[in-house]
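From first to last, the protein sequence lines stand for chains D and S. Its first residue numbered 0, the first sequence is counted upward by one per residue in numbering that gives the first Met the number 0. Its first residue numbered 0, the second sequence is counted upward by one per residue in numbering that gives the first Met the number 0.
No lab work stands behind these hints: they were computed from the structure. On a predicted model such as this, the values are computed, not experimentally measured, just so you know. Every residue, glycine too, gets a C-beta built ideally from N, C-alpha and C. One should not assume that every hint holds.
[Said to hold, decoys possible] Cβ pair distances, simulated, as ranges:
| hint | chain 1 | residue 1 | chain 2 | residue 2 | range |
| --- | --- | --- | --- | --- | --- |
| 1 | S | L129 | D | R223 | 28 to 38 Å |
| 2 | D | N163 | S | F217 | 41 to 51 Å |
| 3 | D | F47 | S | K137 | 46 to 56 Å |
| 4 | S | S205 | D | R18 | 46 to 56 Å |
| 5 | D | N248 | S | K117 | 20 to 30 Å |
| 6 | S | L214 | D | F14 | 30 to 40 Å |
| 7 | D | T147 | S | N112 | 28 to 38 Å |
| 8 | S | E215 | D | Y247 | 50 to 60 Å |
| 9 | D | K226 | S | F217 | 54 to 64 Å |
| 10 | S | G161 | D | L219 | 28 to 38 Å |
| 11 | S | K137 | D | N248 | 47 to 57 Å |
| 12 | D | Y247 | S | L214 | 53 to 63 Å |
| 13 | D | E54 | S | F167 | 44 to 54 Å |
| 14 | S | N112 | D | D164 | 25 to 35 Å |
[To be verified] Derived pair list, reagent style EDC-like, types lysine to aspartate or glutamate, alpha-carbon separation capped at 20 Å:
| hint | chain 1 | residue 1 | chain 2 | residue 2 |
| --- | --- | --- | --- | --- |
| 15 | S | K48 | D | D110 |
| 16 | D | K154 | D | E46 |
| 17 | S | K166 | S | E40 |
| 18 | S | K55 | D | E57 |
| 19 | S | K72 | D | E57 |
| 20 | S | K55 | D | E242 |
| 21 | S | K55 | D | E54 |
| 22 | S | K46 | D | D164 |
| 23 | D | K53 | S | D178 |
| 24 | S | K55 | D | D243 |
| 25 | S | K83 | D | E242 |
| 26 | D | K154 | S | D50 |
| 27 | S | K228 | D | D164 |
| 28 | S | K117 | S | E33 |
| 29 | S | K48 | D | D164 |
| 30 | S | K74 | D | E162 |
| 31 | S | K55 | D | D246 |
| 32 | S | K46 | D | E162 |
| 33 | S | K149 | D | D110 |
| 34 | S | K206 | D | E54 |
| 35 | S | K48 | D | D246 |
| 36 | D | K53 | S | E151 |
| 37 | S | K34 | S | D23 |
| 38 | S | K46 | S | E215 |
| 39 | D | K275 | D | E46 |
| 40 | S | K55 | D | D110 |
If you want the building blocks of each chain, they are given just below.
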Amino acid sequence: MIMITLVRIELYKIFSKPRTYIGFVAIAFLVPLIQVALYIDGETYIEFSLQNLKEAFEFQGNLLNGFLATYIILATLYVHIPFLIALVTGDLIAGEAASGTLKILLTRKADRTMIVVSKFIAGMIYTATLIFFMAIISLVLGLAIMGTGDLIVIKNTIYVFAENDVLWRLIAAFCFGLIAMWCVGALAFMFSAFSDNAIGPIILTMTVIISFIIISAIDLSIFRAVKPFMFTNYMGSWKLFFEDPVDYNKVILSAGVLIFHILGFLGISIYHFNRKDILT
Amino acid sequence: MIQRALIFSLFLLLPSMVQAQSKDGTAILEQVKEKFYTIKEYEANVKIKVDVDFVKIPVKQGLIWFMQPDKVKVKIPGFSLLPKRGMNFTPNQLLTGDYTAIFIREEKLGEYNTYVIKVIPSDETDDIILSTIWVDQKRMVIRKLETTTKSEGTISMAFQFGPVVKKFDLPDEIIFTFDLRKNELPLGLTGDFENTEPRDKKSKNSKGTVTISYLEYFVNQGRAIAQFKKNK
Numbered sequence: 000m001i002m003i004t005l006v007r008i009e010l011y012k013i014f015s016k017p018r019t020y021i022g023f024v025a026i027a028f029l030v031p032l033i034q035v036a037l038y039i040d041g042e043t044y045i046e047f048s049l050q051n052l053k054e055a056f057e058f059q060g061n062l063l064n065g066f067l068a069t070y071i072i073l074a075t076l077y078v079h080i081p082f083l084i085a086l087v088t089g090d091l092i093a094g095e096a097a098s099g100t101l102k103i104l105l106t107r108k109a110d111r112t113m114i115v116v117s118k119f120i121a122g123m124i125y126t127a128t129l130i131f132f133m134a135i136i137s138l139v140l141g142l143a144i145m146g147t148g149d150l151i152v153i154k155n156t157i158y159v160f161a162e163n164d165v166l167w168r169l170i171a172a173f174c175f176g177l178i179a180m181w182c183v184g185a186l187a188f189m190f191s192a193f194s195d196n197a198i199g200p201i202i203l204t205m206t207v208i209i210s211f212i213i214i215s216a217i218d219l220s221i222f223r224a225v226k227p228f229m230f231t232n233y234m235g236s237w238k239l240f241f242e243d244p245v246d247y248n249k250v251i252l253s254a255g256v257l258i259f260h261i262l263g264f265l266g267i268s269i270y271h272f273n274r275k276d277i278l279t
Numbered sequence: 000m001i002q003r004a005l006i007f008s009l010f011l012l013l014p015s016m017v018q019a020q021s022k023d024g025t026a027i028l029e030q031v032k033e034k035f036y037t038i039k040e041y042e043a044n045v046k047i048k049v050d051v052d053f054v055k056i057p058v059k060q061g062l063i064w065f066m067q068p069d070k071v072k073v074k075i076p077g078f079s080l081l082p083k084r085g086m087n088f089t090p091n092q093l094l095t096g097d098y099t100a101i102f103i104r105e106e107k108l109g110e111y112n113t114y115v116i117k118v119i120p121s122d123e124t125d126d127i128i129l130s131t132i133w134v135d136q137k138r139m140v141i142r143k144l145e146t147t148t149k150s151e152g153t154i155s156m157a158f159q160f161g162p163v164v165k166k167f168d169l170p171d172e173i174i175f176t177f178d179l180r181k182n183e184l185p186l187g188l189t190g191d192f193e194n195t196e197p198r199d200k201k202s203k204n205s206k207g208t209v210t211i212s213y214l215e216y217f218v219n220q221g222r223a224i225a226q227f228k229k230n231k
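Bound-form chain S, shown alone (with noise of 0.2 Å):
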């Protein structure tokens, strides 16, 4: 009785782990790599938000230079804070070296319809020690990461794109989400010594966001290399 029940039961599993299985990580990752290596460079205007509860910092406009297959370049007028990861973020860059790619599952992300694959480095000195995927089923392009790495803890990048597919489908908004820990911030460099408003006592941790928004565009159009060229 006990082994019907156990076939019975097998049989009933047996759809979905052939589903799982048919379903090759590295394979999703591939296409997801050849579709942005149509672009080979670009120039992007972009406007950095920085929230972060102990920093207060405007809105910042500038540009951002990447080429192939991971040279960034970013310039804004005054003083901006990047997120020290992701800057240079490209699913290439991700997806060099070796690593082992596992097709997890299918997930439902907010209204999109997405693969979800771990990469993990087979390197063991790589600081990167997991990464989660969030792969657009339709779009074949990555919605969401999740980096667990050695030195900076857990980072995870949002990728917003528009509703329509252009020729080139890269995102019109990055949002980097972080850990951050929030020290006693010493005192002296601006001489605020007389400040005797009440200090916090222990160190917090928080988290940290970064929105990148593209504003615009140029694909292919050769001013990045041009940009890099002037660098040599």
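Extracted from the complex, chain D is given alone in its bound form (with noise of 0.2 Å):
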């Protein structure tokens, strides 16, 4: 009961500050913008993607719908999304450190691991809701713009799903992009633990992000060898409901990567808070 209090409260302070819109306002900003760009231009996009087709096939019915909208839409703000998200879990301790209210609230009767606990879960919550608002935000605005249809997807293999099957993988990979964004949220909120002021936080977090992505996209053979220990390199794993037949295995090991670390890194964050020198 004192558990759900604190989460409560935790979420009214969160969505009490400015900052805690700004990942809404840019979403609805962006998500929009794309879908019309890609209403207006998608055509001429999608016939370069697939000239090489075009020398042996006709193609027939539209591919350009709200299915493929949202997908790309998925491909391309899943890199940004963690600034979003660490502006606001980077913020939950390091935030309250700073302002000096962290003191004041450790003097109330619930203890500090709770504490971190239920900010930890308010930080979740409000993950949990950036994703879920793009994700009805694509797919609602991109099915109004553009309507339904089969969905291509092009990679090593061109596949095209059929209209019927392709609502479960966009909700399937939206549910496994909430976990990679946990994991950034995790990370963002050990940070803060640590942290006693709060831009520290944002800016390690998107530090070690970009470097583990850019690590990973450079194909050499030292950094191969590091790959499977960096978390960024199963936040993709989502694009894998987007073949056929679907890895589950690699699904499920790259799930259990992410949450393995999102523990891990909550693990630490209340070890330490645990121990934090408030008085000084």
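Both chains are sitting in their own frames, so use the hints and assemble them into the complex.
Below is the structure:
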């Protein structure tokens, strides 16, 4: 019961801050912009991507639809969404430490672990709300502007998924994306526990993510060896839902690694917060 | 002695030469055309299966309408890949205009006895350079067709017919085989930027096949006429 009250208080604090809404505003601006741009110029884009197939095949039907737009948004934005998440979760402890309210908070009867966990849960709820908002706005707006249809995904193989086979894949991808973003949120939260100013954890989180993504993208043998140990390597596994057949072993492995990291970051945060000197 | 041997061998070859000359490629193809002319129009329920090594697309079901001489319309829900050449193929289409048909030989194609005929268009600007047609001797239908074009390489079409000859002898299945160039697929459309899987360094040439299974025909029932009228 105390935990629920604590989470509610933390959520109230999160949603009282203007910075919380930056993510929602950014998504509400960017998603329609991408959708409209795709609606206007998407056909040319698709034609260019499939030009070698055009030599042998006649295309029948419309590939530019709300499902493709949602897939493109997912693929392009999930690199940038971590910043919007770190903006809030990186501030959860460090923000209070900076403003001095952390000392007052710890004078209350709830123990430190409960306070950290309630803040963490509130941060994860914020992350889930942001991803849910992104999923809803992408899908609803995409389908309203461009309608439904088959989904084409271009990798080393070109996959075309039938219209009735797409929605579950997108929902599963968003769910997996949420686990990945929870991992980012947990990382920023952990840095927040170590810091006394809110900017540090946000910058540090983004530095870690960008560095890991760069290392993952460079195909050198030395980086290849460390890649399996970087959690960013598993963040893009939502794309596995857009292969046929879906490699569920890989999906479970990736989700497992991310959940392990989330619990690890939370554990470190609890451990450090319990030993944090708030008197000086 | 040599002269005698030459005359003897000529006598041996004569019957086969006479037989080859007796088969007129143009006449055989005219019979095929005539048979096909009995079909004024049709609507068919079809299933389309695309088999290309770097494309995975589900089997699609839809409708095809045909009206003489060469009108073809395809309606398939969602997105589908159809062979660029051959989808609107009819014997009339191949055999209209000026062409030279040469009877080559008789050949056993699977379990069917066929006439092999080469067709060369007289018009040098025609995209088709040469077509080879295997005509079923018994049913007078095309069993196989190989066409070499200037723009799209060689396309092969195999026609499968049911065992029972119906009133309108139309194929149950057509298998299109064609050459396909596999280029490096461009990134960006679906934002696959972080894909670190090793990509193929060289372009590969591969074969693609499209199988069209005709599930049900409605021949000369006016369905295609209504469809093409609707479009006008």
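Okay, the hints, checked on the actual structure:
1. S:L129 with D:R223: 28 to 38 Å: violated, 51 Å
2. D:N163 with S:F217: 41 to 51 Å: violated, 27 Å
3. D:F47 with S:K137: 46 to 56 Å: Holds - the Cβ-Cβ distance for F47 (chain D) and K137 (chain S), about 50 Å, lies within 46 to 56 Å.
4. S:S205 with D:R18: 46 to 56 Å: Holds: the Cβ-Cβ distance is about 53 Å, inside 46 to 56 Å.
5. D:N248 with S:K117: 20 to 30 Å: The hint (20 to 30 Å, Cβ to Cβ) is violated, given that N248 (chain D) and K117 (chain S) are roughly 54 Å apart.
6. S:L214 with D:F14: 30 to 40 Å: violated, 58 Å
7. D:T147 with S:N112: 28 to 38 Å: violated, 51 Å
8. S:E215 with D:Y247: 50 to 60 Å: Violated, since E215 (chain S) and Y247 (chain D) (Cβ atoms, about 38 Å apart) do not stay within the stated range.
9. D:K226 with S:F217: 54 to 64 Å: Given about 58 Å between the Cβ atoms, the range holds.
10. S:G161 with D:L219: 28 to 38 Å: violated, 59 Å
11. S:K137 with D:N248: 47 to 57 Å: About 54 Å separates the Cβ atoms of K137 (chain S) and N248 (chain D), which means 47 to 57 Å holds.
12. D:Y247 with S:L214: 53 to 63 Å: violated, 34 Å
13. D:E54 with S:F167: 44 to 54 Å: violated, 34 Å
14. S:N112 with D:D164: 25 to 35 Å: violated, 45 Å
15. S:K48 with D:D110: violated, 64 Å
16. D:K154 with D:E46: With Cα atoms ~16 Å apart, K154 (chain D) and E46 (chain D) stay inside 20 Å; holds.
17. S:K166 with S:E40: holds, 14 Å
18. S:K55 with D:E57: Given pair K55 (chain S), E57 (chain D) holds - Cα atoms ~16 Å apart, limit 20 Å.
19. S:K72 with D:E57: holds, 13 Å
20. S:K55 with D:E242: Given that 20 Å is the threshold and the Cα spacing comes to 9 Å, the pair holds.
21. S:K55 with D:E54: holds, 17 Å
22. S:K46 with D:D164: Holds: K46 (chain S) and D164 (chain D) sit about 18 Å apart, inside 20 Å.
23. D:K53 with S:D178: Measuring from Cα to Cα gives roughly 13 Å; hence the hint holds.
24. S:K55 with D:D243: holds, 8 Å
25. S:K83 with D:E242: violated, 26 Å
26. D:K154 with S:D50: holds, 17 Å
27. S:K228 with D:D164: violated, 34 Å
28. S:K117 with S:E33: holds, 19 Å
29. S:K48 with D:D164: Holds, at roughly 17 Å.
30. S:K74 with D:E162: holds, 16 Å
31. S:K55 with D:D246: holds, 15 Å
32. S:K46 with D:E162: holds, 17 Å
33. S:K149 with D:D110: violated, 81 Å
34. S:K206 with D:E54: The hint holds at about 13 Å.
35. S:K48 with D:D246: violated, 24 Å
36. D:K53 with S:E151: holds, 11 Å
37. S:K34 with S:D23: holds, 17 Å
38. S:K46 with S:E215: Within the cut-off at roughly 10 Å; holds.
39. D:K275 with D:E46: Roughly 58 Å separates the two Cα atoms, so the pair is violated.
40. S:K55 with D:D110: Violated. K55 (chain S) to D110 (chain D) sits at ~56 Å, over the 20 Å cutoff.
The earlier numbered hints that this structure contradicts are 1, 2, 5, 6, 7, 8, 10, 12, 13, 14, 15, 25, 27, 33, 35, 39, 40.
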